[in-house]
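Generate coordinates for the entire structure from the input sequences, incorporating the hints supplied.
Taken in order, these protein sequences are the chains called G and B. At position 133 of the first sequence (counting the first as 1) the number is 133 in the working numbering, and the numbers step up by one without a gap. Numbers in the working numbering are just positions in the second sequence, counted from 1, shifted up by 1000.
Treat the hints with caution; some may be incorrect.
Which bits of chain G does chain B cover? Going by a derived footprint, with three or more residues having C-beta under 8 Å, they are [as the list claims (entries may be wrong)]:
1) 21–29
2) 125–136
3) 139–149
Because the hints were derived from the structure by calculation, they are not lab data. Here a beta-carbon is modelled for each residue, glycine too, at the ideal position from N, C-alpha and C.
There are 2 protein chains.
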Amino acid sequence: MNVDVQAKMGKTRLRLWLKLLKTSNAVETALRDRLRTEFNTTLPRFDVMAALARSPEALKMSELSRRLRVSNGNVTGIVDRLEAEGHAERHAVAGDRRAMEVRLTGKGRAHFNTLAVAHEAWVNELMGAITEAEAMRIMEDLDSVARDLEGKR
Amino acid sequence: MNVDVQAKMGKTRLRLWLKLLKTSNAVETALRDRLRTEFNTTLPRFDVMAALARSPEALKMSELSRRLRVSNGNVTGIVDRLEAEGHAERHAVAGDRRAMEVRLTGKGRAHFNTLAVAHEAWVNELMGAITEAEAMRIMEDLDSVARDLEGKR
DNA sequence: CCGATTCACTTCAAGCTTAAAATATCTGTG
DNA sequence: CACAGATATTTTAAGCTTGAAGTGAATCGG
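Next comes the structure, spelled out in C-alpha cells:
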C-alpha cells in the first residue's frame, strides 16, 4: 500500500476509535445514571449480579474476577457491598479453605430480575437508531477486532 | 412490527451493546496499560493535554470540563497532577477573578507530541482488523446513535 | 514429610469519577 | 448602592479500579 493511502487509513481508524469511545461512553453514562436514580445501584454491582444470575452454580471470587475481567481486589469490594445490601452472600468452599463462593440471595435474585428487564429496555431505547442488519454487521466487524486483541493478551 | 420480531430485535441490540462495550473496554485497557508502562501517564491526563494542545487559546477550567464531558471537580484533580508534573500551568484570567485558564508548558507540549504519535500508532495497531470501508460504515451507524442520544440530554 | 512455589483472597495506596456542598466572585434589577 | 441569583472553581464523601504487597492454604518435587 502506498504511503499516503496508509496514512489516510490510519487517520480513519483513529477517528473511528474516538467515535466508538464517545458512543459507548454516552450509552454507559446513561445506563449508570438510570441505575443510580431509579434503582440506587451501580453498573459494577449489576455486572456482578448478572454473572451470578447467569451461572447455575455459585461462583468463586477468582472466577468472578476472571469472567468480568477485573482484578481480584475489585471483586472483593463489590461483593462486600452486595453482601452489605443483602443481595449476595459468601460461603466457604468445601475442600479448599482459601476459597469463597458467592451466590445471590433470594432478595438479590428478585432485585436482579427487575434490573435486567429495565436494563434491556434501556439499551433498546438508547441504541434504537441501529437496525437489525446494521447490528449484525457491526458485531462481525467488532468480532474481528476482539479476536485480534485476544491474541495480543 | 410483530411482537416476536420486535423481541428478537431487542435481543440483537443488547448483544450489540455488550460487544461494543467489551471491544471498547479492551482497546481502552490496552491504551491505558501502554500509557502507564511506556510513559508513566494516564488516559485522563492524555485527554486533558490533547484538549489543550488542540486549542490555539488557553482554556478555562469550565471549558475543559465541558469539552471533555467530565465534572468540574474531576478537572481540578487532573490539572493539579499535570501542574505537579510541570506539564501544565494555571493562570488568572484578566477581568474575572473567579476563573482560571490552563495551558501546556513547553515541556508539556513536547511530551504531548510524543504521546500523540505513539497513541495514533497504537490505535492503528489495535484496530488493524478494520478496513477503511468498514470504518466509514460503522462511523455512520454510530453517528445515528450519537445524534439520537444528543437529543435525550 | 518438608520446604518452595503456587494459588485464593484481602488489604493498601494512588488515581479517577461523580454529585453535592462550600467559596468566592460577578451581574442584573430595583 | 444593595442584594438576589448566577457562575467558576474547589472541596468532600463515596465508590470503582488497578497493581502490588500481605496472609494463609494447597501442592509438588525431593
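Evaluation of the provided hints:
1. 21–29: Check passed, 8 qualifying residues.
2. 125–136: holds (count 9)
3. 139–149: holds (count 10)
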